[in-house]
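A.B. asks: Residue numbers (the numbering used here), protein chains in the order written: chain A, 39 to 388; chain W, 2 to 328; chain X, 133 to 474.
Among the hints, erroneous ones may be present.
[As the list claims (entries may be wrong)] Straight line, CA to CA, 25 angstroms or less: simulated SDA-like cross-link-like pairs of lysine to any residue:
1. X:Lys170 <-> A:Lys242
2. W:Lys216 <-> X:Leu169
3. W:Lys216 <-> X:Pro154
4. W:Lys218 <-> X:Ser196
5. X:Lys290 <-> A:His221
6. W:Lys216 <-> X:Leu340
7. W:Lys147 <-> X:Ala289
8. W:Lys218 <-> X:Ala289
9. W:Lys218 <-> X:Pro246
10. W:Lys218 <-> X:Pro429
11. W:Lys216 <-> X:Ser276
[What the hints assert, rightly or not] Residues from chain X that keep clear of chain W, each with C-beta distances beyond 12 angstroms, as calculated:
12. Asn145
13. Val168
14. Arg200
15. Arg230
16. Glu414
17. Pro418
18. Tyr433
Hint data in this document are derived by calculation from the structure and do not stem from the laboratory. Please read all numbers here as calculations on a predicted model, not as lab measurements. Glycine included, every Cβ here is placed at the ideal spot set by N, Cα and C.
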Amino acid sequence: MTLPIPEVDRLQQRSDRAAPIAGRATLANTVAPLLTVEELRVEFPSRDVTLVAVDGVSFSITPGEVLGVVGESGAGKSVTGAAVIGLIDPPGRIAGGRIMLGDRRIDNLPPEAMRRVRGREIGAVFQDPLTSLNPLYTVGRQLIETITTHLDLSPRAAHKRALELLAEVGIPAPKRRIDQYPHQFSGGMRQRVVIALALAASPKLIIADEPTTALDVSIQAQIIMLLKRLCRDHGTAVMLITHDMGVIAETADRVAVMYAGRIVEIGPVSDVIHRPAHPYTRGLMGSIPSIAADRESLAQIDGTMPRLNAIPPGCAFHPRCPHVFDRCRRERPELMPVGPTFAACWLHVH
Amino acid sequence: MPVDAAPAIAPAVVAPTAATPAANMARLARGWDSDLAYSFRRSPVAVVSAIVLIICLGAALFAPWVAPHNPFDLATLNLLDALTPPHGLPGAKPEYLLGTDDQGRDVLSAIMFGARVSLLVGLAAVVLAMLLGVSLGLIAGYGGGKIDGFIMRVADVQLSFPAILIALLVDGVARAVLPRDAHGSIAVFVLVLAIGVSNWPQYARTVRGSTMVEKSKEYIQAARVIGIRPLGIMWRHLLPNVLGPVLVLATINIATAILTEATLSFLGVGVPPTEPSLGTLIRIGNDFLFSGEWWITIFPGAALVIMVLAINLLGDWLRDALNPKLR
Amino acid sequence: MPTSAQPLVELENVARYFDVSPPWLNRILERQRRQVLKAVDGVSFSVAKGETLGLVGESGCGKSTVARLIVGLYRPTRGEIRFAGRRIDAAGPDPAVRRAMQMIFQDPYASLNPRWRVADIVAEPIRAHGLARSSRDINARVGSLLEQVGLASADGAKYPHQFSGGQRQRISIARALATQPAFLICDEPTSALDVSVQAQVLNLMRRLQRELGLSYLFISHNLAVVHHVADRVGAMYLGRIVELAPVNVLFTSPQHPYTRMLLAAVPDLTRTGMPRTAVAGEVPNPLDPPKGCAFHPRCPYADERCRREVPRLKHVAGDADVTVACHAVEEGRLAQEAFTAA
């Protein structure tokens with residue numbers, strides 16, 4: 039669709055997307071990865087069972103790359119993000135695997151060291167911009183506090199940097215806005231402030247957990263644009279966690295599809311969307327209503343995602359899968375190459 | 002957090018299904034298995050408090066049968082036994098474990114009978130305050146507007162008087178209105194009324210707050226769309242959902258009510274000495290405190306403290322257990 | 133397309149204002165003025181029998197208030213609401229109308245009483261309206277309702293928390309169908325659901341419409357969903373309908389600049405890596421809406437008249453089914469060929 043609405047040309051410029059991403063068919067990157075997650079397992083012990091929220095998840099993100107993590111509620115995508123920034127609330131715990139930031143292992147860091155990593159090297163943007171900001175402090179104070187915590191700057195320099203950040207995330211009249219409180223900002227503007235906070239110490243990686251879900255469609259587009267532009271300008275990598283395939287489609291370079299705590303498919307975004315290899319991804323794509331498609335009844339996946347205390351044996355998707363066969367019920371498939379993507383499905387074993 | 006929100010309390014409040022013995026057994030099993038029961042078993046403080054409380058309740062409830070003496074049966078009193086010290090002290094007698102008072106009444110038995118009155122007054126007062134407060138709170142919260150304003154202003158005015166003052170006032174009015182000899186027989190009711198009336202605003206406030214939260218939820222709107230009348234919505238939809246905090250408040254308030262009763266009795270406006278409560282016993286014993294017969298006042302006092310402490314600790318545990326944020 | 137003479141539901145110039153003034157004492161002491169939120173300000177439309185009217189708009193545009201006005205949760209400040217030709221805005225709750233009109237809510241976790249069994253939730257309207265007397269009749273009816281929405285009748289013995297979001301929304305639908313209504317108001321019925329579950333619920337709603345001849349008012353912020361279910365679509369902005377058109381027309385040749393903006397903001401799965409067209413600006417504070425056309429501060433075509441005069445919903449020349457509230461469209465200032473569907 040082309041539209042006659044001006045004044046956003048700046049934002050409309052097509053991003054020069056990182057070329058090395060396309061067509062890659064190996065899990066190991068040729069570029070040294072920024073973040074590597076190997077066989078991550080996150081458990082939530084409850085009184086009679088231990089719930090496994092994330093089970094054997096492996097992926098990596100290269101510098102400057104946007105990795106989308108998509109899945110329905112309860113798929114484990116947010117828990118994966120929380121594990122990377124070390125924000126799993128007790129009694130939950132990382133029960134296995136490794137998380138590497140560059141060459142450094144970060145999943146077993148003591149809390150104090152992890153706090154320095156958080157903010158300095160990994161920034162975070164969460165769903166609700168209102169609860170991410172402290173309502174009692176001005177936006178400027180929160181920004182300056184974050185800046186001086188992580189960077190060795192004088193108060194004046196920090197103030198200057200805060201103003202720059204606000205201007206960079208597109209907040210008009212930053213000199214006036216810096217002394218205002220979060221409630222004086224609209225939802226979209228608040229999310230911009232949260233992004234400014236995440237960027238404050240110029241981290242190499244941002245974990246964005248449903249950053250646009252609480253926003254209206256027109257504001258969503260603005261925020262996504264902003265995230266993309268900032269990542270391009272700063273070379274920041276993003277782990278974009280969302281349930282919205284539309285947001286993934288226009289933002290991510292690669293996408294990981296999660297189901298019941300595991301990655302069922304991972305690959306370049308256009309391949310996963312246009313040629314999904316896993317039956318779950320196929321069903322998911324078919325169930326998204328589109329204004330381009332005709333109004334036939336939507337493809338639907340029958341049933342619901344299993345609860346964590348009742349994950350079926352074998353492939354967790356097998357009770358809902360239209361192509362299920364005997365092996366799916368017995369054996370759990372690992373990710374295997376299918377063309378340019380990887381899918382965890384026995385259909386692709388010949 | 003993948004925590005299942007189990008119905009924490011009384012899931013079967015409105016279920017109109019027939020209660021067969023088998024269903025009751027199943028419900029019992031489910032109750033034992035519920036998160037609340039689990040949290041109870043895991044909390045030593047709650048378990049000890051409950052045991053202490055059950056002993057207190059049992060002793061009070063079955064006082065006529067389990068008490069070693071009947072302190073109010075004048076025929077059994079022996080003035081020669083007056084002021085016997087408790088066990089372990091010189092001059093103690095084996096049949097009076099905690100000693101006797103100036104009239105020769107067994108202190109242990111008096112405590113058991115006194116706790117009976119104290120608990121009765123405490124429970125009844127809390128039930129009265131709850132009835133008043135919960136219904137007024139529901140009406141205020143659901144009705145809103147002028148009704149809400151009126152009820153809550155009355156509550157504000159009442160809260161600005163200390164509970165004891167109100168109790169004294171009610172007691173005074175009752176004394177003035179009723180004939181002199183009638184007062185003794187209805188003293189307990191006056192106490193219940195006084196304490197109950199002075200406590201209702203707390204319940205009204207709590208219930209009003211949670212009613213206003215629940216009222217905005219869609220299941221209330223759904224009930225209105227279906228065409229359920231306001232009373233039906235309040236009784237069947239709102240009440241079961243606002244009762245949690247009220248139960249916590251009530252538990253802790255039983256302790257407060259018992260203390261208020263004790264205070265009033267201590268001040269002499271409570272139950273008459275012929276039918277003493279713990280507070281009356283403490284007051285009577287107070288006169289002997291400095292003449293060396295400390296046990297007459299200390300043991301009823303200790304009983305009061307233990308009972309109130311157990312109730313309070315249980316209430317605290319209940320509050321935490323019902324608060325999903327602290328779990 | 134609707135053809136029957138009398139519409140099932142009609143709204144005529146309906147408005148609802150909320151007094152959101154600070155308390156009296158604050159107004160006196162802090163010299164604050166009375167504040168009125170015009171949540172809905174003059175909305176007219178009709179829904180024919182068997183039709184689905186979609187209502188789209190961003191948060192705060194008043195679409196949910198419209199739903200609550202129709203079912204009688206709010207009384208309109210002015211205007212008329214008619215159901216099957218009878219006025220329903222002034223009178224108290226009329227049981228017959230209540231039965232014929234039911235609502236499905238957004239949040240499947242809040243719209244079911246957590247302390248009730250599912251069977252009692254679904255049976256509540258049946259009991260309230262005396263549609264079945266004996267408990268055996270009620271149980272049979274509840275069982276068939278649960279099966280109608282794709283649940284098992286044995287599920288009635290469970291509590292809501294034992295179900296997933298999609299299943300709860302099915303329970304909501306079963307409860308709404310219990311009175312055999314003719315008209316269902318659906319306020320964002322799928323926006324709290326995951327996409328695969330959303331597809332299940334949307335398909336179920338379409339099947340029920342076919343089988344039972346239901347009319348829907350379908351409110352959503354998700355244009356793709358509305359495109360999927362609606363026959364006609366109204367776009368709302370700050371309490372007013374700015375465009376009302378048949379679904380194919382609205383999605384292929386939207387007229388109002390706001391509708392165009394909304395459509396452009398829908399993410400397009402077929403074009404990966406392409407950013408959507410972002411529109412500058414945000415929805416203004418509804419307590420202090422702009423003068424004239426409420427959209428003019430964000431509108432690239434706004435001129436002096438737009439800043440001064442509120443545009444009225446008018447038929448577009450050449451198409452009797454399309455109405456638009458825009459001076460620029462009316463004056464032909466907007467190039468028609470500018471919008472071409474992808």
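A.B. asks: So, for every hint listed, does it hold in this structure?
C.D. replies: Status of each hint after checking the structure:
With a CA separation close to 46 angstroms, the supplied pair Lys170 of chain X and Lys242 of chain A exceeds the 25 angstroms bound. A threshold of 25 angstroms between alpha carbons decides the hint, and for Lys216 of chain W with Leu169 of chain X the separation of about 21 angstroms falls inside it, so the pair holds. Of the pairs offered as hints, the one joining Lys216 of chain W and Pro154 of chain X holds, with about 21 angstroms between alpha carbons and a cut-off of 25 angstroms not exceeded. Distance hint between Lys218 of chain W and Ser196 of chain X is fulfilled; the C-alpha atoms sit about 14 angstroms from each other, no more than 25 angstroms.
Between Lys290 of chain X and His221 of chain A the alpha-carbon distance is near 42 angstroms, which puts this suggested pair outside the 25 angstroms criterion. Restraint check for Lys216 of chain W and Leu340 of chain X: the C-alpha separation of about 30 angstroms exceeds 25 angstroms, so the hint is violated. Distance hint between Lys147 of chain W and Ala289 of chain X is unfulfilled; the C-alpha atoms sit about 41 angstroms from each other, more than 25 angstroms. Taken as a hint, the Lys218 of chain W and Ala289 of chain X pair is honoured in the structure, with Cα atoms around 23 angstroms apart against an allowance of 25 angstroms.
Proximity of Lys218 of chain W to Pro246 of chain X is assessed by CA-CA distance (about 11 angstroms); at most 25 angstroms being required, the pair is judged to hold. Straight-line distance between C-alpha atoms of Lys218 of chain W and Pro429 of chain X comes to about 35 angstroms, which puts the hinted pair past the 25 angstroms bound. Between Lys216 of chain W and Ser276 of chain X the CA atoms are separated by roughly 30 angstroms; this puts the pair beyond 25 angstroms, and the hint is violated. Distance to chain W confirms Asn145 of chain X as a non-interface residue, since its nearest Cβ pair spans about 24 angstroms, more than 12 angstroms.
Even its closest Cβ contact with chain W, about 17 angstroms, leaves Val168 of chain X beyond 12 angstroms, as expected for a residue assigned away from the interface. Not every beta carbon of chain W lies more than 12 angstroms from that of Arg200 of chain X, the smallest distance being close to 8 angstroms; the non-interface claim is violated. For Arg230 of chain X, the requirement that its beta carbon stay farther than 12 angstroms from each beta carbon of chain W is not met, with the minimum near 4 angstroms. A cut-off of 12 angstroms between C-beta atoms confirms that Glu414 of chain X is not in contact with chain W; the least separation is 26 angstroms.
For Pro418 of chain X, the condition that its CB be more than 12 angstroms from all CB atoms of chain W holds, with the nearest at approximately 19 angstroms. Even its closest Cβ contact with chain W, about 39 angstroms, leaves Tyr433 of chain X beyond 12 angstroms, as expected for a residue assigned away from the interface.
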